[in-house]
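Visitor: All chains should be modelled from the sequences, with the hints used to inform the complete structure.
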Amino acid sequence: MVFFEQVKKTYHGRTKPALDEINLHIQPGQFVYLSGPSGAGKTTFLRLLFGAELPSSGLVKVLGADMGRIPARAMPRLRRKIGVIFQDFKLVRGLTVYENTALALSVAGINGKTMANQVSKTLAQVGLAARAHTLVETLSGGEQQRVAIARALVARPKLLLADEPTGNLDPENAREIMRLVVQAHTRGTTVIVATHDPQLIKLVRGPKVIRLYQGRLEEGS
79 MVFFEQVKKT YHGRTKPALD EINLHIQPGQ FVYLSGPSGA GKTTFLRLLF
129 GAELPSSGLV KVLGADMGRI PARAMPRLRR KIGVIFQDFK LVRGLTVYEN
179 TALALSVAGI NGKTMANQVS KTLAQVGLAA RAHTLVETLS GGEQQRVAIA
229 RALVARPKLL LADEPTGNLD PENAREIMRL VVQAHTRGTT VIVATHDPQL
279 IKLVRGPKVI RLYQGRLEEG S
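Residue numbering for the sequence shown follows our numbering, beginning at 79 and increasing consecutively.
Calculated directly from the structure, the hints in this document are not laboratory data.
Among the clues, some could well be false.
What the hints assert, rightly or not - Once the Cα atoms are required to be at most 20 Å apart in a straight line, the calculated PhoX-like pairs of lysine-lysine come out as:
| id | residue 1 | residue 2 |
| --- | --- | --- |
| 1 | Lys236 | Lys139 |
| 2 | Lys199 | Lys236 |
| 3 | Lys139 | Lys86 |
Said to hold, decoys possible - Pair by pair, the computed Cβ-Cβ distance ranges are:
| id | residue 1 | residue 2 | range |
| --- | --- | --- | --- |
| 4 | Gly107 | Lys199 | 20 to 26 Å |
| 5 | Thr88 | Ser198 | 42 to 48 Å |
| 6 | Gly284 | Asn101 | 19 to 25 Å |
| 7 | Asn195 | Pro154 | 20 to 26 Å |
| 8 | Arg92 | His211 | 44 to 50 Å |
| 9 | Ala208 | Leu181 | 29 to 35 Å |
| 10 | Thr88 | Asn195 | 44 to 50 Å |
| 11 | Pro154 | Glu215 | 23 to 29 Å |
Idealized CB from N, CA, C, for every residue including glycine.
Guide: This is the structure:
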């Protein structure tokens, strides 16, 4: 599912790598917490997984694809299998809950009744069916995060990536968001959640925990 071999990532103009000597194998169906303090390299790790960044050296494989060598024309097809929940939501203002969720299907070429059915079902799963035609900028932070989750899940991804999904939420909303992420995992999706909050890890039973510190895996990860 996910394979890292001697992966190093150094950003232009910097001497210290964001990630260094990362060796890791994540099996299909696992629930993984990527933990560590701010600046540990968690976001860079996730960005390598969906092709927003390329490794400076080493091998990154996701769903069988070599992320350092995958042709540009093949990247959209791969990304359709990966759902991403961004820390800042990245919702499109001026569009409704339904329209934001449907974007993930539209770029995958799914339209018509199939789109309508999948969007409606997903919004019901995240508790937003009644808000389908509401503009996203009028929603609360917790509701906006649910839209972000719906958009990430609507295309039924094989891999779900979440970058600090509860970072701006109160404890009650955080638990609800994690319930939705766990629900996706129970349906067979491999899940990787990046967090600096140790309390979040306690909300899931028996996850694999990977610890990053200053761009390196800590012992035992």
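Visitor: Indicate, hint by hint, whether the structure satisfies it.
Guide: Here's how the hints hold up against the structure:
With a CA separation close to 14 Å, the supplied pair Lys236 and Lys139 stays within the 20 Å bound. A threshold of 20 Å between alpha carbons decides the hint, and for Lys199 with Lys236 the separation of about 18 Å falls inside it, so the pair holds. Note on Lys139 and Lys86: the hinted pairing holds, with a Cα-Cα distance of about 14 Å set against a maximum of 20 Å. Checked against the hint of 20 to 26 Å, the C-beta distance between Gly107 and Lys199 comes to roughly 22 Å, which is consistent with it.
Between Thr88 and Ser198 the C-beta distance comes to about 45 Å, which sits within the given range of 42 to 48 Å. A hinted range of 19 to 25 Å for the beta carbons of Gly284 and Asn101 is consistent with their spacing of about 23 Å. The given range of 20 to 26 Å is respected by Asn195 and Pro154, whose C-beta atoms sit roughly 23 Å from each other. Take Arg92 and His211: their Cβ atoms lie about 45 Å apart, and the range 44 to 50 Å holds.
Between Ala208 and Leu181 the CB atoms are about 20 Å apart, so this pair departs from the stated range of 29 to 35 Å. For Thr88 paired with Asn195, a C-beta distance near 45 Å keeps the hint of 44 to 50 Å intact. For the pair Pro154 and Glu215, the beta carbons lie near 28 Å from each other, so the given range of 23 to 29 Å is met.
Going through the hint list in order, the structure does not satisfy hint 9, though it satisfies all others.
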